[in-house]
Amino acid sequence: MLKNNNAVPLYHQLADIIREQILMQEYKQGDRLPSERQFAKEYNVSVITSRKALSKLEEEGLIERIQGKGTFVAIKKYNRNLSKFVSFTEMCKSIGVKPGSKEIEKKIIVPDQNIVVKLEIPVDSQSVYISRLRYVDNEPMVIEKNYFTLDYAYLLNQNLDKSLFEILKNKSGFVIVDSHKTIEIVRSNIEESNLLNIPVNSPIILIESIAYLKEGKVGYVGKQLINGERFKLTL
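Just add 19 to the spot in the sequence shown (first one is 1) and you have the working numbering.
Careful, some of the hints might be misleading.
[As the list claims (entries may be wrong)] Think about it this way: if two alpha-carbon atoms lie no more than 25 Å apart in a straight line, the pair counts; the simulated SDA-like pairs of lysine to any residue are: (1) K47 with E78; (2) K164 with N220; (3) K251 with S120; (4) K137 with R99; (5) K75 with E45; (6) K112 with L254; (7) K121 with E210; (8) K125 with L232; (9) K95 with I217; (10) K96 with I85; (11) K242 with L169.
Hints were generated in silico from the structure; no laboratory data involved.
Let's have the full structure, built from the sequences with the hints guiding it.
So this is what it looks like as structure tokens:
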């Protein structure tokens, strides 16, 4: 309970209580918080006091206010730097979160014309297709779809729940030195929404890339579908 005779202002005390509730996940990311009036009534303080408490938490980035909708626990966003090539695993480690992977599909396919051109292989050639779901701290965040030439068919016999690029580097000396990327916002379909655990038609970030090895050869062609509410990109 709040203490009127405490040297700490009431709005600080209330902010401390709400902060603790958020950190203990009594209110989870994305949850709607009680209104200023509801907090004021529950803790027997003025609306001005509860408003100042919520403003303090908003300044700390713990909550966000949305006009006409209410106040919500802020959803943590991860930063992805696209100015240089860094694998998903390396990116996660650099920001102090746990990376994870789950195979969706791996097989030999005849890719469509768009992929053929980007891979610089003859028409009707086969390629290696690998699709994985990537996790951040056990939450699904990214769908990866990568295409390789048949030089890398050995990947089909590997455990790809680990770092794909570590396997490539160890087995083939595979090192990406440059890449070309395009970025756009698209809407998730049913399959993508189920994998990412988001509503159908949610905004997701589509990154299409061509990665090059040091001799100028195409290393792979890739697509990443990223939960748009959980990532921000640095170019």
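For each hint, the structure was consulted:
no., hint, verdict
1, K47 with E78, "18 Å, holds"
2, K164 with N220, "20 Å, holds"
3, K251 with S120, "20 Å, holds"
4, K137 with R99, "24 Å, holds"
5, K75 with E45, "19 Å, holds"
6, K112 with L254, "19 Å, holds"
7, K121 with E210, "15 Å, holds"
8, K125 with L232, "22 Å, holds"
9, K95 with I217, "15 Å, holds"
10, K96 with I85, "17 Å, holds"
11, K242 with L169, "18 Å, holds"
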